[in-house]
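Using the sequences provided together with the hints, build the complete structure.
These protein sequence lines are chains C and W, in that order.
Just so we're on the same page, the numbering used here is the position in the first sequence counted from 1, plus 2.
Just so we're on the same page, the numbering used here is the position in the second sequence counted from 1, plus 2.
Warning: the hint list may mix true and false statements.
Pairs count within a copy or across copies, as identical chains cannot be separated in the list.
Result set (SDA-like, lysine to any residue): computed pairs, CA atoms no more than 25 Å apart in a straight line [stated by the list, open to error]:
(1) 56 with 208
(2) 231 with 319
(3) 231 with 38
(4) 63 with 319
(5) 136 with 85
(6) 294 with 78
(7) 99 with 154
(8) 133 with 26
(9) 36 with 56
For the record, the hints were derived by calculation from the structure and aren't laboratory data.
Protein chains: 2
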Amino acid sequence: MDKDYVVGIDIGGQSSKLGVVDARGEVLAQSVVKANPSADADVIIKELADAVIKLVAQSGKHGQIRGIGVGAPNGNYYTGSIAFAPNLPWAAHGEVKFAEKLSEACGGIPVSLTNDANAAAVGEMTYGVAKGMKHFIMITLGTGVGSGIVIDGKVVYGADGFAGELGHTIAVRHNGRLCGCGRTGCLEAYCSAIGVARTAREWLDLSDEPSLLREVQNITSKDVYEAAKEGDAVALRVFDFTGRILGEKLADFIQFSAPEAIVLFGGLARAKDFIYEPTLKAMNDNVLPLWKGKVKLLFSQLKESDAAILGASALAWEL
Amino acid sequence: MDKDYVVGIDIGGQSSKLGVVDARGEVLAQSVVKANPSADADVIIKELADAVIKLVAQSGKHGQIRGIGVGAPNGNYYTGSIAFAPNLPWAAHGEVKFAEKLSEACGGIPVSLTNDANAAAVGEMTYGVAKGMKHFIMITLGTGVGSGIVIDGKVVYGADGFAGELGHTIAVRHNGRLCGCGRTGCLEAYCSAIGVARTAREWLDLSDEPSLLREVQNITSKDVYEAAKEGDAVALRVFDFTGRILGEKLADFIQFSAPEAIVLFGGLARAKDFIYEPTLKAMNDNVLPLWKGKVKLLFSQLKESDAAILGASALAWEL
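Printed below as a string of structure tokens:
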């Protein structure tokens, strides 16, 4: 019998999501494993393996699973390890040979692993808007800013497996904001959900301009989005600014790998109506003439609840 | 008989250089064709083909040439064309199907073509300091700043063949210098030979600090280099500044493709003693901790007079 199904696992700090997926990107069955506070990687891996086995049985596809794809913070494609991932207590202080151990615990089904943004890129290439593209760059705009770069139809992993940290290229060289990575001025400090909220808070402090956001305690990017939908001038300018910073850096990335498209994904990409125009304009204003108006700016259309599972699962088709 | 030799042609605005090269990177014979002011591409190609045929005959390797590799401004690897190259009157106003026509004029020997910086990267990978490396970035510091990016052992050409314009990524975002490309703040406006000379001239205007450079009319980068060798404080600071700007951008590039090394080449790379330290420091100060101190900063060791021919010739081994 052909093995026509794959399993995708998206590992997160709060919970991990699992799904059994077919070649068209239909999620046949899915489940969630809540984060276990244990710092023992073997306990965690056993728990995940049990969940995989149960889910595969539920889906009725036992014996037909080609492989398991895993997207995980700090996941390394080459080594199959997760190492020094601050949000995963069981992988925060060393290197866990995750792919190897999970495969063993799942009766030898092969396992492929990479970080979440690379998995998202493979997902878009396999099931999404980048289907058929050989050259594109995936940018994930979530709590942080991640990236997955595809050249000649393959994700770029680099010499060590960690290529594609575009969220930590420098967007603001002088007096840039402190980033979570400890450096200043990173793209992530401006164009993540946290960055958007911070821009709004800083601007409200700098003027007395009326804004719906003045009524909000602890502004989040979602609040800025809701205010923008109401036509709030400050909120709209926050997205203009965010789009401009993002577009300027996208222009640099285009000059690196000359992609056919940039694909945006993640919470902030939901604010498409507000960031598309300023991002596209800044991108085209900042590329060499030969690329002006030529590189597509696309938004992922994968269902957000499935996207992480799909991305991870797509890795397994290459096994 | 095996075809164990290749021809390299480096096409320039002033002259084109040709060489017959063996697998170890020895240039067995070489010649120069002075630029012909003709705007007729067919005339130029005939002239180059005649020179190739003559040189191959001289080298005694007739019938043993595997292919011809060409490095040319605005050369496109995919199409084999040279298009809109401002310094080549015969290819300045349209697209010339160069590879196809040269092959025809040379009796059907296959021809591969790319731009000069990509050719330099292939040259380093075939004969130079990047031999055996799968992931590195070549930066050519000449009149302009060019780049050739190698990932998984292959030059990155991108969707359209024009990838790797790192000299035109933005180094200075606000009040940046005007670049030859018409935009402002490009890396090339600071870290090319012209950029170095300009930095020196600007700084001399801004202070009364004594400097050997004050005696020089129309300062060039070579003058700055000579002054630095004499210990001139202004000239030394110019190289410090140039290295810092370069290193900051190299850090961004590392975060893109996670290379094993950056290889510097070109006129300015000769000032190694003055730019190595500030470049390396800025590079390591600006990368994510995971790459700090890990990516090598190398200088090409190919003989400068042969390097352009070697780079171009290396393309032909892949034919």
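Each hint, compared with the structure:
1. 56 with 208: neither (55 Å within a copy, 73 Å between copies)
2. 231 with 319: Answer is neither: 40 Å inside a copy and 58 Å across each miss the 25 Å cutoff.
3. 231 with 38: Neither: 38 Å inside a chain and 63 Å across chains, both beyond 25 Å.
4. 63 with 319: The answer is within: 16 Å in one copy meets 25 Å, while 49 Å across copies does not.
5. 136 with 85: Between copies, since 24 Å is at most 25 Å while 30 Å is not.
6. 294 with 78: between (35 Å within a copy, 18 Å between copies)
7. 99 with 154: Between. Shortest inter-copy distance 24 Å satisfies the 25 Å Cα cut-off; intra-copy 29 Å does not.
8. 133 with 26: The answer is within: 11 Å in one copy meets 25 Å, while 42 Å across copies does not.
9. 36 with 56: within (15 Å within a copy, 74 Å between copies)
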